[in-house]
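*Asks:* Chains A and B are the protein sequences, given in the same order.
Going by this note's numbering, the residue at position 221 of the first sequence is 221; the numbering climbs one at a time, nothing skipped.
Going by this note's numbering, the residue at position 141 of the second sequence is 141; the numbering climbs one at a time, nothing skipped.
Honestly, the hints are just simulated from the structure, not real lab data.
Watch out, some of these pointers could steer you wrong.
Here's a subset of chain A near chain B, in silico, CB distances under 7 Å, partners left out [said to hold, decoys possible]:
no.: 1; residue: A14
no.: 2; residue: M162
no.: 3; residue: V164
Glycine included, each C-beta is placed from N, C-alpha and C at the ideal position.
Below, each chain spelled out in residue letters.
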Amino acid sequence: MRGIWEPHRLVLAAIGAGLVIWCAVSLRWDWIPQYAGEMAQGVWRTIWLLVLSVAIGMTLAIPLGLAQAAGPWWLAAPARAFCTVVRGTPLLLQIWLLYYGLGTLFPQYPWIRNSDLWPILRQAWPYALLALSLSYAGYEGEVMRGAFKSVPPGQLEAARAMGVPRFTLFRRIWLPQAVQRVLPTLGGETVLQMKATPLVATITVVEIYEVASQVRRELLITYEPLLLLAAVYMALAGVIVLIFRWLENRVPQKRA
Amino acid sequence: MGTKPYSTPEAIRVDDLYKSFGTHDVLKGVSLTALEGDVVAIIGGSGSGKSTMLRCINFLETPTSGQITIAGEPVAMRPDGTPADRRQLERIRQSLGMVFQSFNLWTHKTVLENLIEVPVHVMKCPRDAAIARARKLLARVGLAEKEAVYPAFLSGGQQQRAAIARALCMEPKAMLFDEPTSALDPELVGEVLQVIRALADEGRTMILVTHEMKFAREVASHVIYLHNGLIEEQGPPEALFGAPKSDRLKQFLKSVS
Chain A
1 MRGIWEPHRL VLAAIGAGLV IWCAVSLRWD WIPQYAGEMA QGVWRTIWLL
51 VLSVAIGMTL AIPLGLAQAA GPWWLAAPAR AFCTVVRGTP LLLQIWLLYY
101 GLGTLFPQYP WIRNSDLWPI LRQAWPYALL ALSLSYAGYE GEVMRGAFKS
151 VPPGQLEAAR AMGVPRFTLF RRIWLPQAVQ RVLPTLGGET VLQMKATPLV
201 ATITVVEIYE VASQVRRELL ITYEPLLLLA AVYMALAGVI VLIFRWLENR
251 VPQKRA
Chain B
1 MGTKPYSTPE AIRVDDLYKS FGTHDVLKGV SLTALEGDVV AIIGGSGSGK
51 STMLRCINFL ETPTSGQITI AGEPVAMRPD GTPADRRQLE RIRQSLGMVF
101 QSFNLWTHKT VLENLIEVPV HVMKCPRDAA IARARKLLAR VGLAEKEAVY
151 PAFLSGGQQQ RAAIARALCM EPKAMLFDEP TSALDPELVG EVLQVIRALA
201 DEGRTMILVT HEMKFAREVA SHVIYLHNGL IEEQGPPEAL FGAPKSDRLK
251 QFLKSVS
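Chain B extracted, bound-state conformation (with noise of 0.2 Å):
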């Protein structure tokens, strides 16, 4: 987004998503392009919508209506928004690794087992690539240590950066962060928020629902901000944090300030 230059290729784009629970409706026409090496924040209030507009990107809800297009390819669609092509989504699903406020390691699984999981028997990759990519990762995100270890073994700090790990060793083209610190206690978020950051430098693509303003501010090229399932304001990091337009995002800004 104006930053980048237009050849970029899109990573992300979303399009008119609409997704209502019931008669409530959560999203009313929101629209997101994120190229190859952004970093769109989503920021808003509890209510906002802005965990459900990252989870409908991979389907984890169903989008009421809306275009959503990974890498140049639209996931085919029903009428009522249910994918239409399940193979297709697995596909494109292995290209966005999630990382969810709760973790999610799986239990009855070491951290090396929750890593190799999905690369050796979903998507079929020799088991020692797999394993050796896995320590590789462990080690990026400091549990080099802990790879015979179980999840309920661990802090929760270590266990968001595992999951972090988890969703790298597919090897996906662009991450997606549901609120990755927000369950955890305030002196082990910044150990998970460093490992983002890495992230970022290294230019991969992501869009992080966050709460840590300072954070999305630091590694964030684009912000969005949401309100009542709107777009109420976007732009780069430096004028929607410096210099807030609408009078909703200077409230929001003062009030998690």
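For reference, chain A alone in the conformation it holds in the complex (with noise of 0.2 Å):
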């Protein structure tokens, strides 16, 4: 901790400091209270559009990864296709596919129309959701790839020597070394796949980063809008990292 009172370290923080008061004092924010509201939600709906594509889409990649590092080729061949398509094509495209595609193809079906589900399917944020997750899954899916195949075979060998049956051993022992061996690549993807979540503002659904558009048509401002997002969005990830490093140590590791 020491090195934080370096003259050089000093300096920077007096000019960021300076930065932020000039930003506060300088700049227009007597809109925020008008719109707090709207952004609440808005962040609500980025976060919750965030944590549930990272866990449907890591649910999907475990079974994508499993099977192209140890599946019978008619499982490794269609997952390593899936992951080749969804990770060679833009997500913007996979969103637009989905909410177009999917979107206008469902209402031609009475007995979907009809359906209970259709409240939901007639809605935007389905599709996002499930784009989303698609994207996280293949992106994942190539990660678990590796990881499963990094494990080393000594590790499954003691357990199936020791009569442990096939599924609690992928369980308990093959599964979580995996992860533990990819922990900080999975990080870094989350960041990334909060960064693409303001692509589904293309598809009509308002998380945060529509809410601060509106604010930039409705009050013909640009920077503020821009700025507070920046720091909306700097925060998530700084969560996002503090909540994988947290999961990194609790194995501890050890360091050569």
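Dock chain one against chain two, each of which comes alone in its own frame, and use the hints as you go.
*Replies:* Okay, here's the thing in structure tokens:
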């Protein structure tokens, strides 16, 4: 901690503080109370889109990775194809294909339109969530493939030699070790996923980015909403980094 | 064998075991019987098939043909040698404690968690009882202080002693050791052999693949010398080491001493 008090750091900190104060004093922030409700809702929507898509995506990524790492070819090939397609096409395109494609296909079937799910399916967010989840699954499926392969065979052999049934072995030895190895990667990918969420604004899902755009449109101010938006994303990224750091530190690593 | 009264039950029996990897025949018909309390040492040069023979006993390798019988129960096999009854194999594996050359402690679990993993989560014994047993075993192998430590922070000798304790924690009927000291620095070999010797002294059934000839001679009740997938010579250690009959064994013993 001694390093903080070195002169060049103090100068940098002073410049930083000056910038923040200048922003706070000379820019226009009087609109914040007026939009506070919308902004809170936007942040909330961004968070749950992120959390749910990461959860669903990871749930899909595990079988996708396992199929590629250890599955028979008729499972490995489609899993590989899925990951390649998802990773090889823009997320914006995937969102639009699902929203305008599925979204216009579904109403043509009366049994879908008359089903209890229709009130949900006619909204935009299910397609946003689906697209984000599939994208995360594609990238993390590839990560998990490497993760499963990187667990030393001896770790699994020890369990097999002790009569551990296959599913227990997967759940208690193989999967936790695989995830452990790629936690830093998953942390980075989750930050990337967060930064991809503004794309869903293009299909009318109003998350924090869209709220900022509204402010800009309605008040004709440029920088203030964008600066606030940047601060919000920085804060979210910070939380993600902290969560993953905590997860990584649960098993102490020996550092050479 | 020989020295034991014939009423002692058989713990492990291997009959006419063949194993080939592709076109390469590793085992060409080997048999072995370990009565309860026997310590069988398998010795031989590298590539002689000794590790493969041990690994076929709990089906970590699939035999090409032959029969494995554990405590009088033949392991059900399909015609191609693969185990036919997964449940039976899991049960039998739980009765055979295996110790590997490379320890294979689970790196994401502490020493204590390694010991109680299978007893609690597979064999469903009460957690408290498993922990009590694990602590007793850790004290026995001299690792009482290390129960909360992760394997990466232990020396090779400590890891191997913990691995032995992990195998014992399942209360196995017999122990299988696959070159337990081959991956250790020379100064750490002694502490592991000491633990294995104590197990032999308390009358545990074990099969031991080893390069430690002096140790095999001291603890084994029966020694098998494998050469090119066949048993070249076998018998009590005094006979095998003291008066080897075959030229190959004489040559082998000369090369390792």
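*Asks:* Now tell me if each hint is right for this structure.
*Replies:* We went through each hint and held it up to the structure:
1. A14: It is violated, given that the least Cβ distance between A14 of chain A and chain B is near 43 Å, above 7 Å.
2. M162: 5 Å, holds
3. V164: 5 Å, holds
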